[in-house]
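Undergrad: Here are the chains, one letter per residue:
There are 2 protein chains.
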Amino acid sequence: MQKRLLLTPGPTMVPPEVASAEAQPIIHHRAPEFDPLFMRIQEGLQYVFQTKNPVLLLTSSGSGAMECALTGVCSPGDKIICVEGGKFGERWREIGKAFGMNVISEAIEWGTAVTPQRIEELLSQNPDAKAVCVTHCETSTGVLTDIKAIAEVVAKTDALFLVDAVSSLGAEEIRTDEWNIDIVVTGSQKALMLPPGLAFVSVSKRAQERAAQSKTPAYYFSMKAYLKNLEKKTTPYTPAVSLILALDKALEMIRKEGMENIWARHAQLSKAIQAGCRAMGLTIFSQSPSHVVTPVKVPAGIDGGAIPKMLRDQYGVTITGGQEKLKGKIFRIATLGYATAFDATTGICALELALKKLGHKFQEGAGIAAALKVLAE
Amino acid sequence: MQKRLLLTPGPTMVPPEVASAEAQPIIHHRAPEFDPLFMRIQEGLQYVFQTKNPVLLLTSSGSGAMECALTGVCSPGDKIICVEGGKFGERWREIGKAFGMNVISEAIEWGTAVTPQRIEELLSQNPDAKAVCVTHCETSTGVLTDIKAIAEVVAKTDALFLVDAVSSLGAEEIRTDEWNIDIVVTGSQKALMLPPGLAFVSVSKRAQERAAQSKTPAYYFSMKAYLKNLEKKTTPYTPAVSLILALDKALEMIRKEGMENIWARHAQLSKAIQAGCRAMGLTIFSQSPSHVVTPVKVPAGIDGGAIPKMLRDQYGVTITGGQEKLKGKIFRIATLGYATAFDATTGICALELALKKLGHKFQEGAGIAAALKVLAE
Chain D
14 MQKRLLLTPG PTMVPPEVAS AEAQPIIHHR APEFDPLFMR IQEGLQYVFQ
64 TKNPVLLLTS SGSGAMECAL TGVCSPGDKI ICVEGGKFGE RWREIGKAFG
114 MNVISEAIEW GTAVTPQRIE ELLSQNPDAK AVCVTHCETS TGVLTDIKAI
164 AEVVAKTDAL FLVDAVSSLG AEEIRTDEWN IDIVVTGSQK ALMLPPGLAF
214 VSVSKRAQER AAQSKTPAYY FSMKAYLKNL EKKTTPYTPA VSLILALDKA
264 LEMIRKEGME NIWARHAQLS KAIQAGCRAM GLTIFSQSPS HVVTPVKVPA
314 GIDGGAIPKM LRDQYGVTIT GGQEKLKGKI FRIATLGYAT AFDATTGICA
364 LELALKKLGH KFQEGAGIAA ALKVLAE
Chain Y
14 MQKRLLLTPG PTMVPPEVAS AEAQPIIHHR APEFDPLFMR IQEGLQYVFQ
64 TKNPVLLLTS SGSGAMECAL TGVCSPGDKI ICVEGGKFGE RWREIGKAFG
114 MNVISEAIEW GTAVTPQRIE ELLSQNPDAK AVCVTHCETS TGVLTDIKAI
164 AEVVAKTDAL FLVDAVSSLG AEEIRTDEWN IDIVVTGSQK ALMLPPGLAF
214 VSVSKRAQER AAQSKTPAYY FSMKAYLKNL EKKTTPYTPA VSLILALDKA
264 LEMIRKEGME NIWARHAQLS KAIQAGCRAM GLTIFSQSPS HVVTPVKVPA
314 GIDGGAIPKM LRDQYGVTIT GGQEKLKGKI FRIATLGYAT AFDATTGICA
364 LELALKKLGH KFQEGAGIAA ALKVLAE
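From first to last, the protein sequence lines stand for chains D and Y.
The first sequence: position 292 = 305 (the numbering used here), numbered continuously.
The second sequence: position 184 = 197 (the numbering used here), numbered continuously.
Do not take every clue at face value.
In this list, chains with the same sequence are indistinguishable; a pair is considered to hold if it fits within one copy or across any two.
To be verified - Below are the DSS-like pairs computed for lysine-lysine, each with C-alpha atoms no more than 27 Å apart in a straight line:
{"no.": "1", "residue 1": "K110", "residue 2": "K228"}
{"no.": "2", "residue 1": "K110", "residue 2": "K237"}
{"no.": "3", "residue 1": "K370", "residue 2": "K322"}
{"no.": "4", "residue 1": "K338", "residue 2": "K245"}
{"no.": "5", "residue 1": "K241", "residue 2": "K338"}
{"no.": "6", "residue 1": "K322", "residue 2": "K374"}
{"no.": "7", "residue 1": "K110", "residue 2": "K169"}
{"no.": "8", "residue 1": "K370", "residue 2": "K246"}
{"no.": "9", "residue 1": "K246", "residue 2": "K338"}
{"no.": "10", "residue 1": "K245", "residue 2": "K92"}
{"no.": "11", "residue 1": "K245", "residue 2": "K110"}
{"no.": "12", "residue 1": "K374", "residue 2": "K310"}
{"no.": "13", "residue 1": "K100", "residue 2": "K370"}
{"no.": "14", "residue 1": "K269", "residue 2": "K228"}
{"no.": "15", "residue 1": "K241", "residue 2": "K262"}
{"no.": "16", "residue 1": "K245", "residue 2": "K100"}
Derived from the structure by calculation, the hints contain no laboratory data.
All of these numbers come straight from a predicted model, not from anything done at the bench.
Model the full assembly from the supplied sequences, consistent with the hints where possible.
TA: This is the structure we're talking about:
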């Protein structure tokens, strides 16, 4: 018998009570009973985003929400600064180019984070930039970017600050209004503990003003249409109703636990994973590790693909390998969303067993002992 | 106690076994177990669409899939002929205009269908038209368009034929390949018996060739990206995995019943609804009624909004009122997707009770007797 455990940076595990909520009978999205549900969800999302501004609800993946964000506030020809340090950072550039924007691409070494100083430089070289787009947690490298400090720099200019927090929102501290972030984008299948299919975009007052001026062609992702419909407590197109019922339940669980506690839980679990890996003689890849996902270098002499494969096939534990240029070089363990201390310990225990079988030399039990030490704190 | 019955043209009711499938533990969309699931679904969709060509799987509403279809095969400046005879027909025009196409809008009277002769005329007046876009079943008016005959006309020209079958696919006969339809678009929350959140686009060989040439800006809905990823048995962005698990179950049920039987069931149920309404002295609004939804004129002297309200609040039966210019003038009853003879009879029984309370004069029991007569055939 195997129990399946997803230690992936999304899709993540869905709590049984959320899955049950998703299986409820469908309610019609134009029926009166939908209104209070929609408003309750809007308030719940504002709490998670730590904002008083509107949070748009889209039926799409996180990439769709990024398209809504960038096309919503920028026009063809607009200069935008996009930082890319991994597979997901590329998306801001790709979307900007697809819609005819003038993209200043700041490609940084994978595994590193952009500094506020560098953003300041880029903005002084490009005073006409309309937007700065960064990735909060670059899921492919595990790197976390200091968006609070960058927001301070961007707020001094006319540029809007757009943050891809698809994998990080709910796991890492984000205080959208207090930190002055114009747009935060996230997806349902990460810390929000839902299946994929919904995505969310918070829109500051400044961003709403710019949305009114955007000339980028848009229909399904028209930010203007979503903002207008939000006032009428609805969405412009039929939303994924069953996922909304699930979201209602997940938001209830999140409010009960509290954002500060959720951030602290993610920090503790990822530190336990990091400590466990280090004690097994492994090296953490990222120079600025996040609490979203822990990237670990594949030890010399071991096939990079063999570790996730053995964990999955023999132990039922799904972790992910490296992507693109990191393929075979790292593996990634996430304790994201619906994860507890014993999901982290199961991950480390399974990793110990797998690494031993694969011939990696380390002191047996050292990994799990180190992880437990962190969890006991 | 009330049992809730949705007699709406979408979202429709979800079978309990499909809802349970949706609540299954999440599987990772890049894990090996996803491949056979994805291919099984592709084959199931091809069966439902009656095509051997690719069927793209999008995480969005049906309107998103329409955007994918039109932007996928046409470029800014392209001349396109869009027929609009209701609230949903407007969408082809709106999408075309949003993306800078040269839209020839053929606005017809609500409640009527465009004829193949008229399409032939329009095509001879616009020999440079790149596409003809129609709505198969216009959900706001209940009108069905003869897409088989129109396809014959369009196939003689260089224009592609795009059909919005969001509410009709699975309920009305559509033979995509045999009838030479280039693009058919549908959504999950109609005859496919799923919650909203997935949408599908079939793409003919001719349309695939045109997709390679499209210059319309696109990212999330890039037809090129979906076609390319389909070859790799995946989607370009994280799909709504739980809805895909539900789709797998729904397609299994559909295959078991068989398309011909499903079309016949929809025909019989809608004829029963029509007969029941006529026997209560009501008039069917549409001149070319579909089996998707039956639009009924509100009898003189009765408040149009009161009928759906009473059915919903007092009897737990959700039907829909008229939209936009038909608001208060019609109500609409659908037996779409997961609906049987006794859902139709419950609808007519509830309507008899409501109309009597609202003061409409008719022979009591005549409606349900007429409906049963059709169902006994």
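Undergrad: Could you work out which of the previously given hints the structure breaks and list their numbers from low to high?
TA: 8, 10, 13 and 14
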